[in-house]
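Student: These are the residues of each chain, in order.
Protein chains: 2
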Amino acid sequence: MIKEIREHRSIRSYKDDPVPDEILSEILAAGTRASNTGNMQLYSMVVTRDPGMREKLAPCHFNQPCAVQAPVLITFCADIHRFSLWCRQRGAEPAYDNFAWFVNAATDALLASQNVALEAEAHGLGICYLGTTIYTAERIARILELPAGVVPVTVMTIGYPALDPGLTDRLPLEGVVHYEKYEDYSPERIDSIWAEKEASEETVKLLDTNGLPNLARIFTERRYKAEDNVAISRSYLEFIREKGFFNQ
Amino acid sequence: MIKEIREHRSIRSYKDDPVPDEILSEILAAGTRASNTGNMQLYSMVVTRDPGMREKLAPCHFNQPCAVQAPVLITFCADIHRFSLWCRQRGAEPAYDNFAWFVNAATDALLASQNVALEAEAHGLGICYLGTTIYTAERIARILELPAGVVPVTVMTIGYPALDPGLTDRLPLEGVVHYEKYEDYSPERIDSIWAEKEASEETVKLLDTNGLPNLARIFTERRYKAEDNVAISRSYLEFIREKGFFNQ
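Taken in order, these protein sequences are the chains called D and S. Position 90 of the first sequence, counting from 1, maps to 90 under the working numbering, and the rest follow consecutively. Plus 248 on top of the position in the second sequence (first one is 1) and you've got the working numbering.
By construction, these hints were calculated from the structure, which means they are not laboratory data. Yeah, the Cβ is synthetic: ideal placement off N, Cα and C, and Gly gets one too. Treat the hints with care, since some could be wrong.
To be verified - Far from chain S, by Cβ distances over 12 Å, these chain D residues were calculated:
| no. | residue |
| --- | --- |
| 1 | Asp-17 |
| 2 | Phe-62 |
| 3 | Pro-65 |
| 4 | Ala-162 |
| 5 | Leu-163 |
| 6 | Asp-164 |
| 7 | Val-204 |
| 8 | Pro-213 |
| 9 | Glu-242 |
Unchecked claim - Derived Cβ-Cβ restraints for the label pairs, each shown as a range:
| no. | chain 1 | residue 1 | chain 2 | residue 2 | range |
| --- | --- | --- | --- | --- | --- |
| 10 | S | Gln-337 | D | Pro-147 | 40 to 50 Å |
| 11 | S | Pro-307 | D | Asn-39 | 23 to 33 Å |
| 12 | D | Ala-148 | S | Pro-461 | 50 to 60 Å |
| 13 | S | Ala-396 | D | Arg-241 | 23 to 33 Å |
Starting from the given sequences, assemble the full structure and let the hints guide the process.
Tutor: Pasting the structure below:
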């Protein structure tokens, strides 16, 4: 397996060392080599290195240590703005301000981001995706001065690792792959897919710390709660509507 | 730059040779090593190899030669179903049937897909992403028997390349990267970003074939037309609603 794929882990603790310009450029260029919709490159990568800007963005990521420490943050945005500007400048009428093109542009941004992650790791850097991006996208957009047609989809922290947390577990491969048709999961199969994760030392510790009887309830009652999920759904949907992805 | 990233191109013509099982497993396993939301792995990869199933799926991808020829198709799905089943089986109440979790699960599926693409290429295979996936997602879902909570986000064809089309061009890196703040594009900058692409031999040929005065109008009047964009937006949104991503 490609070394960077096999050894990928999320790095949440960084050294102060900056990322040299030429390495950053190579990493960003790797992002642009990913497949994208019609070779329209419907994304923008907004790089944050300035300490003042990092300080402004940190609360958008709940001041997680990785967001505070990392010398580089990249905000990957779905971007139909640049392409639409070009069209209008050529007397062509763009019609990309709709949901299908939110999906296309977000896809472009995310494929580029994964290339960036792997290329960063090839240079000895560590990365972490910040899922908080869609919680606070409107605030991020204001700080980065994103125009209509440009919305953050994910943010990645990049820096030299201070701590190596080791690989995290995954469900057995057969738990996430289906052949020919989606074979729905029997209760026995669900038990078997989660068995190793549920029996792990990490899970045992988590249950103890959280005072809950099983791992699933840690997800539903601690990590990703109904009220938050509903609030984030509403705010992100409203945000992409305001940014013009539901005009048509 | 990582070789597979640097040399990536979309392969649209395949040999008949099948992809050996052990290589396919390694490729799929590479997908699972990608970062994902809370290590919940909110995706499923549905593998199509059976000739009858490939024939059924081909029209969903407009019978493009690559979709017809490729010995393997992988449909990457956002999947909150498996995780929700597990939660309920443990007496936990999942609340992931909403838009935020469509975005999270689609993100998981797409990051996994890019690992799959690169790992396939590391084994001498070629891949092509099929943007048609969101045009016909409802039909794909019926063929693959996807339950509620599972929606196709992208499809990848995989096989041994019969023809190598060479690398495709990209906009200059500075055209898609912003430092600290999004610097909006002046008309001069738009001209400069697209200058090389517009002057290319390929563009000149395209204009001649299409009888249009510029490349932008090929996009808006031939490739991605307003009426199609609007129809796809409506049908995909309606589809993910039906599949339960707007319950809350």
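Student: Are there hints from earlier that the structure breaks, and if so, what are their numbers?
Tutor: 8 and 12
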